[in-house]
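Residue numbers (the numbering used here), protein chains in the order written: chain A, 1 to 240; chain B, 1 to 279.
Treat the hints as calculated values from the structure; they're not laboratory data.
Since the model is a prediction, treat every value here as computed from it, not as a measurement.
Misleading hints may appear alongside valid ones.
[To be verified] Derived DSBU-like pairs (lysine-lysine); straight-line CA-CA distance at most 30 angstroms:
id, chain 1, residue 1, chain 2, residue 2
1, B, K237, B, K252
2, A, K4, B, K110
3, A, K154, B, K74
4, A, K75, B, K110
5, B, K115, B, K206
6, B, K247, B, K272
7, A, K232, B, K8
8, B, K138, A, K154
9, B, K108, A, K4
10, A, K4, B, K206
11, A, K75, B, K108
12, A, K75, B, K179
13, A, K154, B, K247
14, B, K237, A, K154
15, A, K75, B, K128
16, A, K4, B, K74
17, B, K247, A, K4
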Amino acid sequence: MNPKFVSAHAWLTGGAALRSNWLYMITGMGFPLSLLFVVGVLSEGSLLPYALAGGLISIVATNGIFTMADLGMFKFEYMFKDLIVTTRTSPMDYMFGVMLADFFWSIPSIILYFVLDIIFHIFTPYAFVMTIIVASLVLLSTASLAFVLTSLVKHQRFVWAITGMLSLVMMIFPPTFYPYTYLPHPILLALSISPTTPAAVLEQGFFGLAPTLWYMFYILIAETVILFLLAKYLTVWRER
Amino acid sequence: MIEARALKKRYSDGTVALNSVSFRLDKKISAIIGRNGAGKTTLMKILSTQMLPTSGTASIDGLDIISEADRIRKIAVSIPQEARPVDYMPAIDCVKLYLAARGFGRLKAKAAAEKALRTVGLGDAMDKLAYELSGGMKRKVFVAMAIASDADMIFLDEPTTGLDPFSRVEVWSAIRAIKGQVILTTHYMEEAQALSEDVLMIDSGKVLAHDAVERLLKPFNGLVRVESQRKSRSSYKVGNTWISYVKKGNAKAMVGRGDIIKPVTLDDLFIKRGVNLES
């Protein structure tokens with residue numbers, strides 16, 4: 001483990017870079033806030049608390065998935081990955097560095113969502129703590145998936161295509177912006193293949209909007225462990 | 001010192017990029033020259049532990065590239081071809097980030113990055129975002145990484161490709177400031193002549209020649225290159241041009257016929273060996 005690299009990467013390409021690239025930060029807010037707006041208007045406000053609870057998951061998942069865009073850019077455009085492979089930095093250090101750098105970019109959106117949660121009276125300290133735990137698992141699982149996929153693709157254009165597909169599968173279909181109780185149980189289980197589904201179900205429970213399905217917690221942990229192990233052992237680091 | 005023993009690389013599509021290459025490089029600056037697709041970059045990737053060979057092996061200062069890659073990574077630096085500093089980061093942050101990857105602490109990285117950037121002439125531009133830098137300055141950021149890392153072995157893959165002549169000379173100066181052993185690839189023959197003490201010529205994955213520049217050019221002593229549109233005895237065809245070698249004293253007479261006279265360079269070694277440089 002090279003914590004110097006992880007922290008340097010997170011800060012230099014994330015926190016410090018944020019100042020000169022604030023437009024990207026606004027772009028990152030766009031997708032979850034747009035869905036929040038649409039759901040709020042169409043449901044005449046009745047589903048707004050669900051969208052606010054799931055929106056947090058959506059932001060973190062977007063951040064994890066779009067790690068792939070940065071990993072692709074570092075690999076194909078800047079040749080940065082080639083530069084790092086020949087140092088003693090491990091692939092996991094690299095993944096964590098990029099993941100945390102991207103996380104910096106979503107901090108303003110997360111703060112905004114928590115403020116909205118307070119305004120709409122669904123915020124509780126318990127929900128806050130549990131959200132941090134669930135969001136961390138979502139971030140790690142989506143970033144791990146992004147890391148494996150980026151190491152396997154041969155060109156940046158595939159990265160854009162895959163991130164588009166993943167956004168659809170992980171953000172639109174799962175109950176991140178609507179009550180999970182709308183879904184028949186078999187479909188809910190089928191959708192649980194995406195870590196955002198168990199995360200969103202848990203969030204709705206933590207915010208007191210629906211019963212908490214604790215088995216979803218085990219599903220989320222299992223998926224995170226599997227995706228992390230895939231990232232650790234399946235990623236192509238030294239070219240063959 | 002680098003020692004390669006029967007290095008072979010066959011890609012999954014069947015392309016043989018390196019075909020049982022063996023050599024030893026122990027000079028301060030060595031150049032690997034060859035046309036595009038000769039196998040230079042593959043060789044650099046293998047030597048710098050970025051890629052595994054299909055068979056054969058090599059050692060860097062006695063460390064095996066396959067089984068001791070981690071120890072090599074401690075002493076060697078590799079700057080890939082076409083690497084670019086991250087656009088939205090200042091030059092100094094790019095160097096600091098690379099040094100962090102090599103295990104430097106924050107303060108040590110900052111001091112080493114500043115010093116190296118000044119050495120390569122980027123003292124006034126170190127806080128500029130990378131996209132504001134010229135092509136030459138961007139390449140110098142990478143040379144600064146190599147200098148700041150204080151490594152024993154530096155691999156530079158085509159460090160001046162795409163740069164204007166002035167920027168190339170600037171980068172050459174920066175390369176000369178590197179302390180460790182430097183292995184660079186290039187297809188600019190004058191670059192190899194200007195910088196390196198010995199030259200490894202490769203083509204189609206094989207070593208064509210390996211020697212000091214002066215010794216490689218010895219067969220051409222007293223000769224100049226004549227480029228003509230007409231075929232003559234013992235001339236070589238490169239595209240639509242016929243190339244021959246004549247004594248300097250005999251060359252003057254040929255100028256009046258419209259032929260072009262040029263000094264001999266390492267290019268001529270490839271021409272003499274029948275390698276078409278046109279593409």
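Task: Distance restraint between K4 of chain A and K110 of chain B, which requires alpha-carbon spacing of 30 angstroms or less - done: holds, 13 angstroms
Open item on the list: Please verify whether K154 of chain A and K247 of chain B have alpha carbons no more than 30 angstroms apart.
Closed with: violated, 52 angstroms
Task: 30 angstroms Cα cutoff - pair K232 of chain A, K8 of chain B - done: holds, 28 angstroms
- [ ] Quickly compare the C-alpha distance for K247 of chain B and K4 of chain A to 30 angstroms and report which way the hint goes.
- [x] The hint is violated at about 61 angstroms.
TODO: Mind checking the alpha carbons of K237 of chain B and K154 of chain A for me, to see if they're no more than 30 angstroms apart?
DONE: Violated, at roughly 38 angstroms.
Task: Straight-line alpha-carbon gap K154 of chain A to K74 of chain B, limit 30 angstroms - done: Between K154 of chain A and K74 of chain B the Cα gap is close to 28 angstroms, so the pair holds against 30 angstroms.
Task: Satisfaction of hint between K179 of chain B and K75 of chain A, Cα-Cα up to 30 angstroms - done: holds, 29 angstroms
TODO: With a cut-off of 30 angstroms on the C-alpha distance, tell me whether K4 of chain A and K74 of chain B pass.
DONE: Roughly 15 angstroms between the alpha carbons, so the hint for K4 of chain A and K74 of chain B holds.
- [ ] Could you grab the alpha-carbon distance between K108 of chain B and K4 of chain A and see if it respects the 30 angstroms cut-off?
- [x] Holds. K108 of chain B to K4 of chain A sits at ~12 angstroms (cutoff 30 angstroms).
TODO: With a cut-off of 30 angstroms on the C-alpha distance, tell me whether K237 of chain B and K252 of chain B pass.
DONE: holds, 22 angstroms
Open item on the list: K75 of chain A and K110 of chain B were given as a pair; does the straight-line alpha-carbon distance stay at or below 30 angstroms?
Closed with: holds, 25 angstroms
TODO: Mind checking the alpha carbons of K75 of chain A and K108 of chain B for me, to see if they're no more than 30 angstroms apart?
DONE: Between K75 of chain A and K108 of chain B the Cα gap is close to 27 angstroms, so the pair holds against 30 angstroms.
Of the numbered hints listed earlier, those contradicted by the structure are 5, 10, 13, 14 and 17.
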